[in-house]
Amino acid sequence: MNQLKNILLVDDDDVYVFLTKIIIEETELVDRISVFGNGKSAIEFLEKNANDLSQLPEIILLDLSMPILDGWGFLEEYILLKPKLGKKITIYIISSSISPHDLKRAKEISEVSDFIIKPISKMKFVEMIKSI
Amino acid sequence: MDSQSESYNSSLFHQLKSILLGRTNIISKQTKISKIKFLKRVLWTMLIMVTFAFIASFFEPKNKIIVTLIFNFIVYSVLFTFYYLLQKEKLNVVGWGLSFFFWTTVAFVTLFFEGLKGQNAVVFCVVIMFVGSIFGGRPAVFFAILTTVWCLLLVYLELTNSLPASIGPGYSPINALSSFSLTFILVAVLLYAMLTSISASEERYRILFESNKDALTTIEPEKNDYFTSANKSALELFGVQSEEDFIQFGPQDFSPKYQPDGQLSSEKAKMMNALALKNGSHNFEFVHVKVNGESFHSHILLTSISIYGVKNLQATIRDVSKIKEVEKIIEKNTDVLKLQNRQLVDFCNIVSHNLRGPLVNLSMLVNFLETSKNENEKALFIEKLKPVISNLNETFDELVESIQIMNDSEILSEKINFEETLKKSMELLNGEIINSSAIIESDFTGAPNLHFPSKYLNSIVQNLLSNALKYSSPERSPKIIFQTKKENGSVILTVKDNGLGIDLKRHSNNLFKIRKTFHEHPKAKGFGLYMTKAQMEAMGGRIWVESEENIGSTFYIEFINQH
Chain R
536 MNQLKNILLV DDDDVYVFLT KIIIEETELV DRISVFGNGK SAIEFLEKNA NDLSQLPEII
596 LLDLSMPILD GWGFLEEYIL LKPKLGKKIT IYIISSSISP HDLKRAKEIS EVSDFIIKPI
656 SKMKFVEMIK SI
Chain C
26 MDSQSESYNS SLFHQLKSIL LGRTNIISKQ TKISKIKFLK RVLWTMLIMV TFAFIASFFE
86 PKNKIIVTLI FNFIVYSVLF TFYYLLQKEK LNVVGWGLSF FFWTTVAFVT LFFEGLKGQN
146 AVVFCVVIMF VGSIFGGRPA VFFAILTTVW CLLLVYLELT NSLPASIGPG YSPINALSSF
206 SLTFILVAVL LYAMLTSISA SEERYRILFE SNKDALTTIE PEKNDYFTSA NKSALELFGV
266 QSEEDFIQFG PQDFSPKYQP DGQLSSEKAK MMNALALKNG SHNFEFVHVK VNGESFHSHI
326 LLTSISIYGV KNLQATIRDV SKIKEVEKII EKNTDVLKLQ NRQLVDFCNI VSHNLRGPLV
386 NLSMLVNFLE TSKNENEKAL FIEKLKPVIS NLNETFDELV ESIQIMNDSE ILSEKINFEE
446 TLKKSMELLN GEIINSSAII ESDFTGAPNL HFPSKYLNSI VQNLLSNALK YSSPERSPKI
506 IFQTKKENGS VILTVKDNGL GIDLKRHSNN LFKIRKTFHE HPKAKGFGLY MTKAQMEAMG
566 GRIWVESEEN IGSTFYIEFI NQH
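Chains as they are written, first to last, in this note's numbering: chain R, 536 to 667; chain C, 26 to 588.
Calculated from the structure, these hints are not laboratory results. Cβ atoms here follow ideal geometry from the backbone N, Cα and C, with glycine treated the same way. You may find that some hints are simply not true.
Unchecked claim - In silico lysine-lysine, DSS-like type, Cα no more than 25 Å apart, as pairs: (1) C/Lys448 <-> R/Lys575; (2) R/Lys639 <-> C/Lys530; (3) R/Lys639 <-> C/Lys363; (4) C/Lys282 <-> C/Lys347; (5) R/Lys657 <-> C/Lys363; (6) R/Lys619 <-> R/Lys540; (7) C/Lys303 <-> R/Lys556; (8) C/Lys398 <-> R/Lys657; (9) C/Lys65 <-> R/Lys657; (10) C/Lys538 <-> R/Lys575; (11) C/Lys538 <-> R/Lys556; (12) C/Lys510 <-> C/Lys448; (13) C/Lys315 <-> C/Lys347; (14) C/Lys448 <-> C/Lys398; (15) R/Lys583 <-> R/Lys657; (16) R/Lys556 <-> C/Lys398; (17) R/Lys556 <-> C/Lys87; (18) R/Lys659 <-> C/Lys398; (19) C/Lys295 <-> R/Lys639; (20) R/Lys642 <-> C/Lys65; (21) C/Lys347 <-> R/Lys642; (22) C/Lys495 <-> C/Lys511; (23) C/Lys62 <-> C/Lys113; (24) C/Lys257 <-> R/Lys575; (25) C/Lys113 <-> C/Lys65; (26) R/Lys617 <-> C/Lys530; (27) C/Lys257 <-> C/Lys238; (28) R/Lys659 <-> C/Lys448.
Said to hold, decoys possible - If you anchor each label on the Cβ, the simulated ranges turn out as follows: (29) R/Lys659 <-> C/Val376: 44 to 54 Å; (30) R/Lys659 <-> C/Ser438: 38 to 48 Å; (31) C/Thr328 <-> R/Pro635: 47 to 57 Å; (32) R/Val661 <-> C/Ile355: 52 to 62 Å; (33) C/Lys398 <-> R/Lys659: 34 to 44 Å; (34) R/Glu560 <-> C/Asp422: 47 to 57 Å.
Said to hold, decoys possible - Here are a few chain C residues that face chain R, going by a calculated C-beta distance under 10 Å: (35) Phe321; (36) Arg381; (37) Phe393; (38) His532.
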C-alpha cells in the first residue's frame, strides 16, 4: 500500500477536522496532515511551496463552505496556480452539502476527482488513497 | 356618356370609372352562376326587343323584306346559339362571342346604313359597357379603342364621300325607334346589373366593417390625420355618439398629452402613421382617452390602404387594459415567486451546510464515543460535543428568527425617526465606538422619518453600524456616515465607512447569505446582513453594496412606498 507523505485538510469546522484527523491517523497511511481553516491560507501555502516536493500534498480534502475564501474560490485560484506546482495533486471535495446544485458544479471542474458527502468513513478514506 | 355621368353622384362615377378602367373588377369577381344569370337576362331582353323591332320593320315600307329577313335570321340564330352555349355554361365563349357579335353588328350597321349620321354609334357604348361588365376594364378599353378607330374611319369615309352604297333605307322613324329602344333598354339592364352588384358588394363590405367587434377607423394622413370613418365598435370604444361627430376628430384628440414612454402623443401618432405608410402596416401600443376622460391601453394595427387613389390608414384599435392589468399581476406574482424560489434555494444551502454539518459532527462523535475504550479519549469527545451543540442551537435560533420575518407579513409599520434610531444603536454599541474611537456622522435632512416596522429598522441600523465598526481598517480610525434621501417614492439610506471593504468579485454571491463571513474576525458570524436582507425583502425593499478593498464600503437600503 502506498504511504502518502502529506495530506491537506482545508476545512473551517474544528470538530470535523479533529475527527477526520483521528480517522486518517488510524489508517497509518499518511505521514503528515496539514490543516487550513479557509481557502486563502491553503492557497498561500501552496504558492509558497510550489517547488518544494516534500511540502506539497498528494491529496487535498476540500470543504466548500468556509469564510474568506470558500471551496469554490479555492478551486478558481488553484486552477491558476496548478501549472506552477511541481507535483500532481488529487482534490476531493468533502462537504456536508447534499445540494444537487453543488454536486453538478463540482462535476464541471475537472480538477475535482470526486465529491464526497460528509461524514467520511475510514473505509472510504482507504479506498481513496488506494485509487491514487 | 359625359352628360349622363354628371347626373350620378361622384362616388358612383368613381366606381363606374374604376370598373371600366379595371381597378376593381367588382362585377367580374362575381360568381360564374350570377354571371350566367346576368347574360341570360341580357339575351332575353335582346330577344324580346329584337322581336319587337322585327315586327315593327314590316311596317316600314322603305325596308327591303329580304334584308330584314336575312338580318333577323342571323340575329335570332346567334341569340339562340348563345343561349344554348350558356346552358352548357360556356361563359367565356358567350361573353366574347356576344361582345364581337354586338360590335360587328354595330360596325356593319354604321358602315352600310348611313354611317354615323344614323347615330348608331351610340350603340357602341352598350357593347363597351357589356364587355366591361363581363370581362372587366381592360377588354372594355380594348373595345373602346377599336370603336374609336372605327368611328374615325367612318368620319374619314364620310368626309371623302367614299362610304359604300347604303343597303338599307334612308332615315326611318320606325327603325330608329326600334334600334334606340333596344339600345336604351340594354343600357338600362347593364347599368342595373352593375349598380346592384356594386351596391351588393358595397353592402357586404359595409357589414364587415360595421359589425366588426374590433374598433375600426380610417384616417386620412393628407387631411391632418383626421378620422374619415369609424364603425360602431369604435364609436362605443371612444364614447362618441355618431360617425359625423367622430370624423371631427383625429387620434390626437383621443389621447393624453403624453404617452407612458414620455413621448408627446401627437408626435408618437405622427411617427406611427409615417411608419405604417412606409412599411405597409405597423403594430404598436398606445394610451387613448375616451370622451368621458377615462383612459385605456390599446393595441393598434395601422394598415396603409388606398381608396380611389387617396392614401388612407385603416386603424384596428383594441382595448387591452384588462390584459395590461393581468400582465401587471403576473409580473408581480413572478417577482414574488422568484424571491420565494431564491429563498428556497438559500434554505437548501442552509440545511446542507449549516444544519447538516453540525449533525454530521454529532453523529461522528457519538460513533467515536461508542467505540472508544479510553476514558481520557471519551472525555475529549464529550468536550467536543458541547460547541457542536451550541453551534447547532445558534443556527437553529437564527433560522427560526429569519423564518418569522419571512412569514411576518402582518407586521405593522409606524412612523420612526432616523436620528433617534441611530442614537439608540450608538448607545448599544457604545463600548465598541469608544474602543475604536470611531467618528459617526449623520445627515437625515433628505428624509428624516420613515414609515417602517421600528423593530426592523432598529435591527438594520444596529447591524450596519456594528459591521462598520467590526470590519474597520486597523490603519485608520473608523469614520461612518449615515445619510438619507428621497427618490421616486422611496427612501434610500446609505451607510458609508472607511473600513476593510469587501472583495465583491469574490463574495457578491454570498454577501447576504447566512453564516458567510469574509474577514478573519473572531466575531464574524455571518448573520447580520442575512437578517437585514430578510427584513428588507419581507417589506419589499432592497439592499445592495458598493465596496472597494482597503477603502471602504457603502451599503444602500431602499425603503419603498414612502410617499
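(message) Tell me if the beta carbons of R/Lys659 and C/Val376 are separated by a distance inside 44 to 54 Å.
(response) 23 Å, violated
(message) Does C/Lys530 sit within 25 Å of R/Lys639, going by the straight-line distance between their CA atoms?
(response) 22 Å, holds
(request) Would you check the hint for C/Lys538 and R/Lys556, treating anything up to 25 Å between C-alpha atoms as holding? (result) Between C/Lys538 and R/Lys556 the Cα gap is close to 29 Å, so the pair fails against 25 Å, i.e. violated.
(request) For the pair we were handed, C/Lys347 and R/Lys642, check the Cα-Cα distance against 25 Å. (result) Distance of about 48 Å is beyond 25 Å: violated.
(request) Double-check C/His532 for me: the hint is only fine if its C-beta lies closer than 10 Å to a C-beta in chain R. (result) At 9 Å from the nearest chain R Cβ, C/His532 passes the 10 Å test, so the hint holds.
(request) Would you mind confirming whether the straight-line C-alpha gap from R/Lys556 to C/Lys398 stays at or under 25 Å? (result) Distance ~18 Å between R/Lys556 and C/Lys398 Cα, so the pair holds.
(message) Hint check: R/Lys619 vs R/Lys540, CA-CA at most 25 Å. Holds or violated?
(response) 20 Å, holds
(message) Assuming the hint says 47 to 57 Å, is it satisfied by the Cβ distance from C/Thr328 to R/Pro635 or not?
(response) Given about 53 Å between the Cβ atoms, the range holds.
(request) With a cut-off of 25 Å on the C-alpha distance, tell me whether C/Lys282 and C/Lys347 pass. (result) The hint holds at about 22 Å.
(request) Below or equal to 25 Å on CA atoms is what counts here, so check C/Lys448 against C/Lys398. (result) Given that 25 Å is the threshold and the Cα spacing comes to 58 Å, the pair is violated.
(request) Take a quick look at whether R/Lys617 and C/Lys530 sit within 25 Å of each other, Cα to Cα. (result) It holds: about 21 Å lies between the C-alpha atoms, which stays within 25 Å.
(message) What's the verdict on R/Lys583 and R/Lys657, does the C-alpha distance respect the 25 Å limit or exceed it?
(response) Violated: R/Lys583 and R/Lys657 sit about 31 Å apart, past 25 Å.
Of the hints listed earlier, those the structure fails to meet are numbers 1, 5, 7, 9, 11, 14, 15, 17, 19, 20, 21, 22, 24, 28, 29, 30, 33, 34 and 35, in rising order.
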